[in-house]
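Novice: Read top to bottom, the protein sequences are chains A and B.
Here the numbering used here is used: the first residue of the first sequence is 4, the next is one more, and so on.
Here the numbering used here is used: the first residue of the second sequence is 4, the next is one more, and so on.
Hints may contain errors.
Chain copies aren't distinguished; within one or between two, either way the pair holds.
Computed list of lysine-lysine pairs in BS3-like fashion (alpha-carbon distance at most 30 Å, straight line) [said to hold, decoys possible]: (1) LYS109 - LYS205; (2) LYS626 - LYS457; (3) LYS595 - LYS457; (4) LYS205 - LYS113.
Simulated from the structure, these hints should not be mistaken for lab results.
There are 2 protein chains.
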Amino acid sequence: MQPDRAVSFLLAAFITGVVSAATPTDVTDTQREQTLKERISAANIGSYIESMTAHPTFPGAPFARTVAQMTLAKFKAWGWDAKIETFTIPFPRPTERAVELLTPQKFVAKLHEPAVPGDPYSEQQSEHLEPFFIYGPDGDVTAPALYVNFGLRDDYEQLASLGQSVKGKIVIVRAGGMWRGGKVQLAAEHGALAMLIYSDPKEDGYYRGPAYPEGGWRTPDGVQRGSILYGKFPGDPLTPFVAADAKAKRLAINSPENTVARIPALPLSFADAQPILESMQGGVAPESWRGALPITYRVGASSAAVHLKIKYQWKNIEIRDVVARLAGTTFGKEEVVRGNHRDGWVFGAQDPHSGHSAMLEEARVLGELYKGGWRPKRTIVYCSWEAEEQGVIGSTEWVEAHLAELQKNAVAYLNTDVTGPGSLRPTGSSSYTAFVTELAASITDPNSNVSVLKRAQLKAEADIYPRPGSTAMGMSLGAATLDALKNLIHLDPPGYGSDHHAFVSHAGVATVNLAFGDDLNMGSYHTAYDDYAWYERFGDPQFKYGRVTAQINAVAVLRLADADMLPMEFTATARSTDDEVTHLKNLYASVKSATDRSNRAVELGAYQVLTDPTQPRVAPPLKTVPPLDFSALDQATVAIKSAADRFEAAKAAAASAHLTDAQIANVNSALMNVERSYLRKGGLPERPHYRNELFSPGRLWDTVPVPAIGDAILDEQWAVAQAQIPLAAQTLEHIAAAIDTSTAELKKAAGERRR
Amino acid sequence: MQPDRAVSFLLAAFITGVVSAATPTDVTDTQREQTLKERISAANIGSYIESMTAHPTFPGAPFARTVAQMTLAKFKAWGWDAKIETFTIPFPRPTERAVELLTPQKFVAKLHEPAVPGDPYSEQQSEHLEPFFIYGPDGDVTAPALYVNFGLRDDYEQLASLGQSVKGKIVIVRAGGMWRGGKVQLAAEHGALAMLIYSDPKEDGYYRGPAYPEGGWRTPDGVQRGSILYGKFPGDPLTPFVAADAKAKRLAINSPENTVARIPALPLSFADAQPILESMQGGVAPESWRGALPITYRVGASSAAVHLKIKYQWKNIEIRDVVARLAGTTFGKEEVVRGNHRDGWVFGAQDPHSGHSAMLEEARVLGELYKGGWRPKRTIVYCSWEAEEQGVIGSTEWVEAHLAELQKNAVAYLNTDVTGPGSLRPTGSSSYTAFVTELAASITDPNSNVSVLKRAQLKAEADIYPRPGSTAMGMSLGAATLDALKNLIHLDPPGYGSDHHAFVSHAGVATVNLAFGDDLNMGSYHTAYDDYAWYERFGDPQFKYGRVTAQINAVAVLRLADADMLPMEFTATARSTDDEVTHLKNLYASVKSATDRSNRAVELGAYQVLTDPTQPRVAPPLKTVPPLDFSALDQATVAIKSAADRFEAAKAAAASAHLTDAQIANVNSALMNVERSYLRKGGLPERPHYRNELFSPGRLWDTVPVPAIGDAILDEQWAVAQAQIPLAAQTLEHIAAAIDTSTAELKKAAGERRR
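Build the full structure now, drawing on both the sequences and the hints.
Specialist: Here is the structure:
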């Protein structure tokens, strides 16, 4: 039997709410963290990126297999118990692609990224993956084109008031604002025949900064490749719920049950998009619809006839997740899982190797510690995923393959993906808020030499860069904000854009995503120019932020692996639940007030009186927004707050108690179950793979508060919205109950020991 | 002696605050208004524009003299007592103009507006006035160029935090946001050697809509000509306070007392500006600094060396104000003055002939009424001004020539300038708020067939066009807003951009500016393309809004000329004074909070910690903003409110009283003096020509609340700001006293009659 141990210092810090820059109690732990941080080498990180992105790394590429083997060999050499887990997925690649403007004048889109002076990778043309969207149907469409801004829900509402419809047309929109698959889905729902998505220089090009190779921003020819999966479930579009292994039953490619997009689509560079946009007729687009091309953005009956053709050859390919373990001791069944994807759209120097290389360097130094005799209390699992870009496939299939073990044993999943210069921008499960705050206090920002917590604090309190909060990638580059009262770093909800997706939404595993980058340049995003030549100049010069990413994640893994009681707490959970419910109510209020405003304008006759004949507007139909009763959610939110307070009181009372390992394991098991209790039994309506009541995506893979209700509000399905409120509230009551179970376990353990 | 008359219906309507669509009491008046409105002909308006802009109309142009004679002849033919009043002003015209980029590559700016297909006027090249700025010094400067956004005060603050200075440089800014002369002044104050102002397509070009000749927006070659007078006084830069007649004493061209700009400057088209902007180096400009050219806007140590040369030939020219009168009867000494300028920068079809043609058509129909036997109670004076574009010269010199009579007799000055499609956007003296509201209720919008009041109401309450509120011209195109409580149209302060300027700021004459145009296209502003070919397609197709402009102004003149007691009231004056004082306090609060924020960021070390090495920032110096005591202004504002209430009570009490003409004249004289009481004795500090305490421009000819104080706040001259507060408050107390004098006159008259 193990000796008794005091509830850890970490936990004590959380009880008082005081955040200290100090690290764990005993000198050995502090020294170990120091060693870990010092040994992490920026030069190593650079060399991993250079060697692993010498050729394209997309799934199915010859070099992708080599990189998997390189990764496996490294883990093994560093002392890890490593293996490759393989899945088989469909990978359609186009055999024909064409976008042409037929009238008013002929123009043939290049659909190609040429070589750039001084970038040898850009000359490896025959190896590149051509620009296209994966997982759409074949198509050969000739139709008028219509511009619909970003192609979001609101854009279609506005389009109607402009007297236009996409029915029977080819929709052209700019990238950004939402998951591109959601855009294709919306266009299909509105009757469009096909879709073009282009990168406007406003979000992604010269408007942001000098273009590559002078600067790091997108060239006129850069194309944002991407997946256009319909967001009904993540991962392999043909094997929901089950791992895509040999025995999996697969949906047909044309089955309505799969997540393949419903209409054909292609991505365009802005050089290719400009002649199409320029040839359009009709009224001038509303100001918020205008990008940074030197043209008049217009929305109207188009004289632009466009021909779009795409034909895919569907092949099955193998993808390889490299999974490496360091076995735990005291709580050896429990697992700290850390992962990052390895596949790029072409080379992927920034996306994903900025994060993947940091993860490898963590594994190297943790392996050194292990070789030096250190043994973690929990098992550490490092995962190098493949096929993230196609729809978080490698990670989702792995979660599906190991669901039962994960739900029993996983204390957290740590992810990074893209990282780079700037402030820490952490997202994840609110139960780890205090943990991340303390972590951030112990890591030094390489540019300013203050802690990354201090830097995040300054960013929130006294930013000197007023600038746009989001990018073409729909990724927020805002820094962490701080809860000023509590002096805690704020973890934004994890979102759905990377490999933590299935862990959160399907398995209910707590997640922490630690990346840097509000000064990030993402001008090569999903292009062939995201290569080592670009990266060493514009991605992360000297790999300083790769190093700090490895440092914060390595220390996080070390602390999570060696903590006795898990460093979770739930007052932040209560706040974050309250935030989500507030966002939901605000969403309802904004739909209601927009409807009221619109109705009022119609009723007052504003459309008749104010219409400018050169810019006609059409009165929208009158609509009714019934009241919604949110009280069940309010009650459940209060219940979570009360439960969180009871847990804090129990922790305070147990502070001096000495617990056995078995007792701690019992408490930890209850703590893990708090995250699992976010899952709704049977999953969300019509999307049963999504089970997390609060942190599943909306039906368009967008960010929607309490999605079972939020989606219904956005779709103006009022009866559904009302019916879902008590069901969602029930899940929140389960969260409160799970916290109470943790409290009971803790009290029981402390009480037993005192007796 | 005249028969007694009841206080007019108009006045009664104001007392109750009820706005009625009905027009004056007796059938004759109503019929007369109806006749007036019906006889106003859109076709006539079109023909005035076509005939009067057949050739360029700038002062000194051969055709300008012809147009003056045509105007004089028309007034005479229509039965007016008309004459020409002549002034002599300097009109420097360039003999040399050059803008060249020397490094990194050679580029020579065209500085020329070529012919456009389908526009015969654009082919009359030899007649055009070349693009230049009038009233600057000669210069021959070679220096690095630096981009400073719009060149406003805040832009220079931000420039410092970007680590840059304009000292010894040529500043290039985009047009818009402020009077261009103020921009040149600010650049000179910051040590710049010369200035270039270009029209960015964001404010003024393809970003707004299709370019001429496809649409009406600015072509890449369109140049915004303009005056760059320093705003110390309006009018002829060499003859402050006195009319520029033969006997006037003139300042020397190089005297520091005149208003000639201090550094040389030239305007550029965006085609000419782009190569210069494109060649710049340094960090990326802040987002709010970026225009719509397809370039990266940058701000930094420039490799762009620019050569600017301008040489003027100063000549004296004659300008001609055509002044026409219909003599009044009962109150024949009192004058209703209506004016519009006649000179364009080149042809001037829109600016000024959209307004000038409406004014002519008013004169024609008023003349017809006169010929038919109608005689106005007050004298009507119609003025066709010249040399407005150079600095409201024709009107200012005339005001200076006739100051004593105007101050004694002018009941109002009505101005239009540019008008066109859209809602009424009235500005003027708040004392005419109820008058303008009732007027707007009696005029029908030609596009929607509702009253222009109703249209303005809808615009304020339920606009269907979310769009930018201001244009490159710094002119607000927002519609009138309504005071919802009172159901009164809101008159924005008159501003300084047209011929009412000297009437308001120097003479203290009440002004009403009635123009239409929130749907206005001003894409040819100050270019040679502002010609009849452009105008009939994009300015005011079918001259519908020219017609409605003539209707509302003709009825306004008729009502003002025939009213017994002047239709003024002062509750709106109290509100508008309160608004100005509130704006002043808000200005102080915003300077204070910006300083606090800046100080805090410096003190917290944000500039050290957050600086992105690719976008460096420099900590600004710490500053102190002392408290200001505004209580004297608050007391004066309350005094005006109380005085206004007392006047309303007296009006109500006098409603059924019958007054003699002499009594009415006494009351009217007191009412006129309320507007005169806005003038500060001795004028504003250092700018004695400006006397209106509330409605003078700021020192940069910008809009500054309570300018004697507001300018000091903007310049962070805190002791001056505090010292000016009691002086400004004294003026406001004079306004309250003048209202009380009106009340006393009214009570006296009503009391005398009752006795």
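Novice: Would you mind marking each hint as holding or not holding in the structure?
Specialist: Against the structure, the hints come out as follows:
no.: 1; hint: LYS109 - LYS205; verdict: both (26 Å within a copy, 29 Å between copies)
no.: 2; hint: LYS626 - LYS457; verdict: between (49 Å within a copy, 25 Å between copies)
no.: 3; hint: LYS595 - LYS457; verdict: between (40 Å within a copy, 26 Å between copies)
no.: 4; hint: LYS205 - LYS113; verdict: both (21 Å within a copy, 29 Å between copies)
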